[in-house]
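Residue numbers (the numbering used here), protein chains in the order written: chain V, 1 to 366; chain H, 1 to 389; chain P, 1 to 246.
Please note that the accuracy of each hint is not assured.
What the hints assert, rightly or not - List of simulated lysine to any residue pairs, SDA-like, C-alpha gap at most 20 Å:
#1 V:Lys-260 / P:Pro-94
#2 P:Lys-22 / P:Glu-229
#3 V:Lys-267 / P:Arg-110
#4 V:Lys-267 / P:Glu-55
#5 V:Lys-25 / V:Ala-42
#6 V:Lys-267 / P:Ala-74
#7 V:Lys-267 / H:Val-216
#8 V:Lys-25 / H:Arg-9
It is worth saying that the hints were derived from the structure and are not from the lab.
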Amino acid sequence: MTISATAASIRNARPRGSLGNRLRKRYFSTPVNTSISVVGLAIMAWVIWTAFEWAVLNAVWRSPDGTSQVCRGIDGACWAVINVRWRLILFGLFPFEEQWRSTIACIVIVVVAILSCVPVFWKPVRLAGLWVAGFALFYSFISGGIFDMPYVGPSEWGGLTLTVFFYAAGVLIGMPLAICLALMRRSELPVIAVTTGLFIDVVRSLPLVTILFTAALVLPFVLPSFLIGDKIWRVIIGFALFFAVYQAEIIRSGIQSLPKGQEEAAKALGLSYWQRTTRIILPQAFRRALPPTINQFVITFKETALIVIIGFFDVLASGKAAFGSGEWSFAWVEVYCFVAMIYFVFVFSLSRYGVYLEHRLRVGKL
Amino acid sequence: MSTLLNSRRFRNVAIQAGFVVIILVVVVSAVIIGRQNLQAQGATSGFAFLHRATGFELGFSLIETGPFDSFGRFLLAGLLNTIFLGMIGIVLANVVGLTVAVLRTANNGALNAIGTMYIETFRNIPMILQALFWYALLTSLPAPKQAYHLLDLAFFSSRGLYLPGLNVTGAAAAIFFLLLAAGVVASVCFSISRRFKSMPNVRRSRIRWTVLAAGVLLGIVALAYGRVPDTPVLSIPELRGLNIRDGVRIPPELASLAIAMAVYGGAFIAEVIRAGFISVGKGQVEAAHALGLAPWHVFSRVRLPLAIRAVLPTLINQYVWLFKATTLGIAVGFADFFAVVSVSISQAGQTLELIGILMLGFLVMNNIIAFVLNRVNKAIALKGTQLRV
Amino acid sequence: MTDVAVSISHMNKYYGGFHALKDVNLEVEKGERIVVCGPSGSGKSTLIRCINRLEEHQEGSINVLGTELNDDVANIDIIRREVGMVFQHFNLFPHLTVLENCTLAPMLARKISQADAEKSAMMFLERVRIPEQAEKFPGELSGGQQQRVAIARALCMKPEILLFDEPTSALDPEMISEVLDVMVGLASDGMTMICVTHEMGFARQVADRVIFMDHGEIVEEAAPGQFFEAPKNERTKEFLRQILSH
Numbered sequence: 001m002t003i004s005a006t007a008a009s010i011r012n013a014r015p016r017g018s019l020g021n022r023l024r025k026r027y028f029s030t031p032v033n034t035s036i037s038v039v040g041l042a043i044m045a046w047v048i049w050t051a052f053e054w055a056v057l058n059a060v061w062r063s064p065d066g067t068s069q070v071c072r073g074i075d076g077a078c079w080a081v082i083n084v085r086w087r088l089i090l091f092g093l094f095p096f097e098e099q100w101r102s103t104i105a106c107i108v109i110v111v112v113a114i115l116s117c118v119p120v121f122w123k124p125v126r127l128a129g130l131w132v133a134g135f136a137l138f139y140s141f142i143s144g145g146i147f148d149m150p151y152v153g154p155s156e157w158g159g160l161t162l163t164v165f166f167y168a169a170g171v172l173i174g175m176p177l178a179i180c181l182a183l184m185r186r187s188e189l190p191v192i193a194v195t196t197g198l199f200i201d202v203v204r205s206l207p208l209v210t211i212l213f214t215a216a217l218v219l220p221f222v223l224p225s226f227l228i229g230d231k232i233w234r235v236i237i238g239f240a241l242f243f244a245v246y247q248a249e250i251i252r253s254g255i256q257s258l259p260k261g262q263e264e265a266a267k268a269l270g271l272s273y274w275q276r277t278t279r280i281i282l283p284q285a286f287r288r289a290l291p292p293t294i295n296q297f298v299i300t301f302k303e304t305a306l307i308v309i310i311g312f313f314d315v316l317a318s319g320k321a322a323f324g325s326g327e328w329s330f331a332w333v334e335v336y337c338f339v340a341m342i343y344f345v346f347v348f349s350l351s352r353y354g355v356y357l358e359h360r361l362r363v364g365k366l
Numbered sequence: 001m002s003t004l005l006n007s008r009r010f011r012n013v014a015i016q017a018g019f020v021v022i023i024l025v026v027v028v029s030a031v032i033i034g035r036q037n038l039q040a041q042g043a044t045s046g047f048a049f050l051h052r053a054t055g056f057e058l059g060f061s062l063i064e065t066g067p068f069d070s071f072g073r074f075l076l077a078g079l080l081n082t083i084f085l086g087m088i089g090i091v092l093a094n095v096v097g098l099t100v101a102v103l104r105t106a107n108n109g110a111l112n113a114i115g116t117m118y119i120e121t122f123r124n125i126p127m128i129l130q131a132l133f134w135y136a137l138l139t140s141l142p143a144p145k146q147a148y149h150l151l152d153l154a155f156f157s158s159r160g161l162y163l164p165g166l167n168v169t170g171a172a173a174a175i176f177f178l179l180l181a182a183g184v185v186a187s188v189c190f191s192i193s194r195r196f197k198s199m200p201n202v203r204r205s206r207i208r209w210t211v212l213a214a215g216v217l218l219g220i221v222a223l224a225y226g227r228v229p230d231t232p233v234l235s236i237p238e239l240r241g242l243n244i245r246d247g248v249r250i251p252p253e254l255a256s257l258a259i260a261m262a263v264y265g266g267a268f269i270a271e272v273i274r275a276g277f278i279s280v281g282k283g284q285v286e287a288a289h290a291l292g293l294a295p296w297h298v299f300s301r302v303r304l305p306l307a308i309r310a311v312l313p314t315l316i317n318q319y320v321w322l323f324k325a326t327t328l329g330i331a332v333g334f335a336d337f338f339a340v341v342s343v344s345i346s347q348a349g350q351t352l353e354l355i356g357i358l359m360l361g362f363l364v365m366n367n368i369i370a371f372v373l374n375r376v377n378k379a380i381a382l383k384g385t386q387l388r389v
Numbered sequence: 001m002t003d004v005a006v007s008i009s010h011m012n013k014y015y016g017g018f019h020a021l022k023d024v025n026l027e028v029e030k031g032e033r034i035v036v037c038g039p040s041g042s043g044k045s046t047l048i049r050c051i052n053r054l055e056e057h058q059e060g061s062i063n064v065l066g067t068e069l070n071d072d073v074a075n076i077d078i079i080r081r082e083v084g085m086v087f088q089h090f091n092l093f094p095h096l097t098v099l100e101n102c103t104l105a106p107m108l109a110r111k112i113s114q115a116d117a118e119k120s121a122m123m124f125l126e127r128v129r130i131p132e133q134a135e136k137f138p139g140e141l142s143g144g145q146q147q148r149v150a151i152a153r154a155l156c157m158k159p160e161i162l163l164f165d166e167p168t169s170a171l172d173p174e175m176i177s178e179v180l181d182v183m184v185g186l187a188s189d190g191m192t193m194i195c196v197t198h199e200m201g202f203a204r205q206v207a208d209r210v211i212f213m214d215h216g217e218i219v220e221e222a223a224p225g226q227f228f229e230a231p232k233n234e235r236t237k238e239f240l241r242q243i244l245s246h
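Start from the sequences and build out the full structure, keeping to the hints where you can.
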């Protein structure tokens, strides 16, 4: 109620009236304001025009002979490098003939992710079913070994598919882990609460890179041989753990923001701990913690880029490889822009979705 | 028996005991397996390696290091590099963040649009990608011979940025900055601390300036002490032959990370500060205007202090997070703490010990940052309940 | 099996060093209506919260419907199913509709089928006179309506005993009577009720006994006629003077 009231007051604070009036008030109210507007708009126009000129007008889009010859001495962007190397950037070292499988696998995950944004699927059972099915499909396509599809090991997975897979797997493992950690930290049993709290605080003050590094290099030292598994799974679990400790704190603050009466009323009705937690506490805590949760999802997607440091061939690493070899080495700007574009599309749509959810939450439709 | 199992106290004790046992089993078995693996490799565990010579070199170091120096010294150098980069990055990110936040909240559509464009562009691209981009950009600058320069005082080349500086040792420069920072922090602490509020204003401001001046003077003493003998005081970069000599060289590894931290971290800090500006009650700003304060004073005395108080806890998290981002050093070849540890692991092989040192280092540093800033937060927090309109 | 609903003897409760309830003895028979009153901080809410173990007592015994309230988890479950509670701030679950609020506990804790739970929920919603709000969310109702839903929710568990913890003190004055009407109705149906309330009119009308508490002790215990007309204790007199002075 308070949130919507604030929102309303912010809306009311905006100058009213016709578009012309509003423009005048926002841009040309005083001479100083007018000159700032003119300079600001000019700078913006210049930046946009320069970028447009470089990226579109003077750009070279394709290379007929597959070499970098066409880009000699041009003023614009050499998108030909993308035209020639896009499969390397998107699929990494995945076997060339099998790259359609990587494409389908990637699309499966993205579609499942989009579907789980639709409120129809917001039932724990449906979400779980959706993701289990999605992952099974993903895994059978990317790994192969069935239906005449040759086996492709994790060391050959790469590019955008690897990034998307890493993200989905990390969040999927991390979310239940986060709920467990949050509940354990709030436990009435002091030993569990204190130990979990200490664990969460320690992991939170470590950089992600050190955790990934530990998972990749140190864990094999201290795990029994049957638990070591492939490096990719260890790193995903490290990644999930890092996500989980942050998400656990978000969930915990969501739980703490609930009035105490909710838990008491549930107790008085004779509901057990698990019934209280799953039916009363968590559903409300998740609603309250929605904005920071979406924020955490967005940050986590960008953090997948760090796996390049421990030697995975994700979209960033394969991008580096695309201009790494001598011939295209001048085209780093184009490749980085292309990879940045890919990240931008994912991250931007995620955060827009977050804004939409927050809006729904505010008008009480959640 | 059933009553025992149903007893809440018994259950609580049993569950907690089981929890402790599981953790002990995990930890002990990890230790045992780790031991076995080390023995199988014939490696000796322990921290004796810290005294061994490393045999490699660091690209950037505030203290002198060479291949014959010990691992311990290298780790210290890496730690100092991380702190150095973290301080530069956080300060720059604040400057960028405050600027963009002001643009975003200004009462001018064009400025708002510029701020929004900035945020949406740089916040949505991973920081490591940005760091790699800036690194590629800086290293593709022309060679020293064709370097861009400003009035022959500053040079921008693929070898790094060359700026005029003093002929002092790195340690002396570091001590100078530390003393300077200590002076500023002490004088700020003095002015916000409640304990001295009762002092007359004149005396308080005199003490404040004395503290600050003492910091500066001591710093200058340190600089004088650390002066490299037989050189001019000022060191101006100069093109000699194929390279640039003298001056202070900022290597592209350091610069690209600092820029990335400033640009990416700045976008986040801007959003936090903007939220703070929005949270300042309209009534307070109107009251300030009504009292006849100039716009600059409304900003610097009312809006900014209230906004910072509202968002300082969030900002502290951002600083800690930004500090952890220094570990991206390894991606561009900057010798930060993590990079030094990871090279040491491949050279010395003492994986467990080095990872332990790494984690301990970050644990200590981040908790110091959080502790100090939380104290500041407590000191400046508004007292009593606030009526929000 | 006697017809004693609640029997509390020599019960003590401490919050750390603070002695919140001092040697409380209370016996409530089935079908009896008790009103507990007293100044704020006197321990009256704590007392009834001990009856369904929202608070834990340290000494003495509490026996509810023949079940001893002790460390045994199973006993706590039994008692909570048989004792309903209505809170000062309603504590409806805001993410569930009115109907779901009423059916959740019967389905989960009593394992009743959804159809049966909904049928009986509608019956109780009719009894509190808001069946038409069944599909709405609590946030869309007025305070008085919410409290009536909360009463219906408690009734849906078909409890033997109902506890009321200041059910009207968070309500606007014009909504108090609609809630009190429902409570009077329940009383005339023979429900065992223990009410913490300052509604002295209600106490006069329906209570079998009025209990006055101060500083964690039961100071006076009497039938309403005697309690209001001829209180024995000085503290009771003082309290009644303050509360009835306007």
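* Asked: Are the Cα positions of Lys-25 of chain V and Arg-9 of chain H separated by 20 Å at most?
  -> 68 Å, violated
* **Pair hint outcome, Lys-267 of chain V versus Ala-74 of chain P [Cα-Cα no greater than 20 Å]** => 14 Å, holds
* Asked: Within a Cα-Cα threshold of 20 Å, do Lys-260 of chain V and Pro-94 of chain P meet the stated pairing?
  -> 13 Å, holds
* Given the hint that Lys-267 of chain V pairs with Arg-110 of chain P, does the C-alpha gap stay at or below 20 Å? -> 14 Å, holds
* **Proposed proximity, Val-216 of chain H with Lys-267 of chain V (alpha carbon, max 20 Å)** => 63 Å, violated
* Given the hint that Lys-22 of chain P pairs with Glu-229 of chain P, test it: the Cα-Cα distance must not exceed 20 Å. => Violated, at about 27 Å.
* Is the Cα-Cα distance between Lys-25 of chain V and Ala-42 of chain V 20 Å or less? -> 19 Å, holds
* To do: With a cut-off of 20 Å on the C-alpha distance, tell me whether Lys-267 of chain V and Glu-55 of chain P pass.
  => 11 Å, holds
In this structure, the hints that do not hold are numbers 2, 7, 8, in rising order.
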